[in-house]
Structure formats: C-alpha cells, structure tokens
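Visitor: Each residue of the sequence shown is one higher than the one before, counting from 1 in our numbering.
No lab work stands behind these hints: they were computed from the structure. Honestly, I wouldn't trust all of these hints.
To be verified - With beta-carbon atoms standing in for the labels, derived distance ranges:
#	residue 1	residue 2	range
1	R111	D79	20 to 28 Å
2	K51	E75	44 to 52 Å
3	A40	A71	37 to 45 Å
4	L17	L48	34 to 42 Å
5	E93	A123	18 to 26 Å
6	A37	D73	42 to 50 Å
7	L49	T19	22 to 30 Å
8	L46	G137	14 to 22 Å
9	V44	V87	31 to 39 Å
10	L42	Q83	57 to 65 Å
11	V45	D136	19 to 27 Å
12	G54	L89	24 to 32 Å
Where is the CB? At the ideal position from N, CA and C, for every residue including glycine.
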Amino acid sequence: MTAPEGPYLYDEGPAPLHTGTPRRRSGTLLLVFGGTAAFAVLMVVLTLLLKGSGSDQAKEVAGVFVAALAADDVETAYDLLCQEERVRLSPEELAAAYLGEGAAEVGTPVRDGDARLVPVEWADGTTTELTVVGEDGLRICGTAPGS
1 MTAPEGPYLY DEGPAPLHTG TPRRRSGTLL LVFGGTAAFA VLMVVLTLLL KGSGSDQAKE
61 VAGVFVAALA ADDVETAYDL LCQEERVRLS PEELAAAYLG EGAAEVGTPV RDGDARLVPV
121 EWADGTTTEL TVVGEDGLRI CGTAPGS
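Produce the complete structure using the sequences and hints provided.
Guide: Right under this line is the structure:
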C-alpha cells in the first residue's frame with residue numbers, strides 16, 4: 001500500500017512539542033516548602049510570645065477570677081466558670097464556694113492531665129487550688145483545699 005498523495009496538513013506526522021531536555025526546578029519547590037515550614041515555626045513562636053504558655057494563661061485567669069470575687073464583681077467571676085460549675089452554683093453561692101479570707105496571692109500552676117491546678121494563698125494562711133480547664137477558653141472548674 002502506498003502513501004496517499006495530495007496536500008495534507010500532517011504529511012510527515014506531528015512535530016514533537018518538547019524538543020529540548022527537561023530542566024530540573026527543584027530549587028523553587030524547596031523554597032516553597034522551606035518557606036512554609038519557616039512560616040509555621042514563626043507563627044508558633046509568635047503565639048507563645050503574645051499569649052504566653054498555658055500555665056501563664058491559667059494563672060492570669062485565676063487571678064482575674066479571684067480579683068473579681070474580691071471586688072464583689074460576681075458577674076465577671078461567674079462568666080469565668082465552666083459549664084459544670086454554673087449548673088452546680090448560682091451567682092449568689094459563688095463567693096461562699098470560692099472566696100477565702102483576706103487578700104489572695106495566685107501561685108504557679110501545676111499541670112494535672114488536661115487541667116491546670118492553680119494554688120491560691122489567702123491572707124489567713126490557707127491555700128486552695130483552683131482547677132482551670134479549657135472549655136471555650138480557659139475556665140475555672142472547681143476548687144480544693146491546697147496541700
């Protein structure tokens with residue numbers, strides 16, 4: 001069989017589209033992944049610097065809670081309670097359950113599973129531990145006599 005004669009568009013077949021040797025572009029790929037990793041590390045560091053560690057945040061929440069109770073700002077203190085404590089206590093019962101005698105000094109939190117135990121030393125020498133949990137932000141979720 002012979003090749004057909006006549007003016008055809010592709011008598012010799014289509015020309016190859018990519019005639020050169022392929023180039024390696026690994027530098028761009030490394031730059032993209034390296035930049036993404038560096039950005040992620042930077043964001044973690046900035047978050048810790050701006051917000052503080054979990055212990056710092058727990059100490060701050062406990063301090064605000066105790067200060068609100070001492071100033072008779074029951075609304076602010078009640079808003080800092082976890083849902084379980086809000087069900088258990090009414091706003092009127094809050095000071096009796098959490099407030100000690102005199103001024104309070106908030107100590108360094110200790111990790112207890114997912115919670116932080118924040119010691120609070122009262123002016124009369126007694127110590128209580130506030131349990132701070134993560135529940136739609138940090139919340140106070142109980143108190144116990146300190147050690």
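Visitor: If you check each hint against the structure, which ones fail?
Guide: Hints 2, 4, 7 and 10 contradicted; others consistent.
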